[in-house]
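Asker: Work the whole structure out from these sequences, hints included.
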Amino acid sequence: MSLLGLSSQSPLALNIGAASGVFQLTLGLTGVFQPRVMLQQVWGFKPSTKPGEEQLLIESLMQLYGVRNIALGLMILAVRTLADSRTLGWVLMTDILVAIGDGFVQKRCTGGGEWKHWSFVPVGVGMGMLLLGYFD
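Each residue of the sequence shown is one higher than the one before, counting from 5 in this note's numbering.
These are calculated hints, taken from the structure and not from any lab test.
Treat the hints loosely; a few may be bogus.
[What the hints assert, rightly or not] Below are the DSS-like pairs computed for lysine-lysine, each with C-alpha atoms no more than 27 Å apart in a straight line:
#1 K120 x K50
#2 K50 x K111
#3 K54 x K111
Answerer: If you want it as structure tokens, here you go:
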């Protein structure tokens, strides 16, 4: 039985899995090159308008977050290109930990917004299970 006609070997399923890599890559590039946009739009922080050491630290940490997401995105795309569907499925399942952790950090720092991150958990579980062959 396949889910919506998709199997773990379906090119469409593999490409949808790879789309999460493109999404991570996009978030990462935004974090590196537009850290203030990431702070305000994605994380909901209101950065200070006064330049200073604290603001530099915050923007530098956002750039580190961006580099992390670039690495995750490139890893997902490399696995899509060079490995099998099961490996991609496990990578997507472990990527769920990033969304869960980011949600907890967001809630602690801003008092909310965790569902901007946690909403990707069921998508990751579904794609991971599909690519691992649970719906074949």
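Asker: Now tell me if each hint is right for this structure.
Answerer: Here is how each hint holds up against the structure:
no.	hint	result
1	K120 x K50	holds, 17 Å
2	K50 x K111	holds, 15 Å
3	K54 x K111	holds, 25 Å
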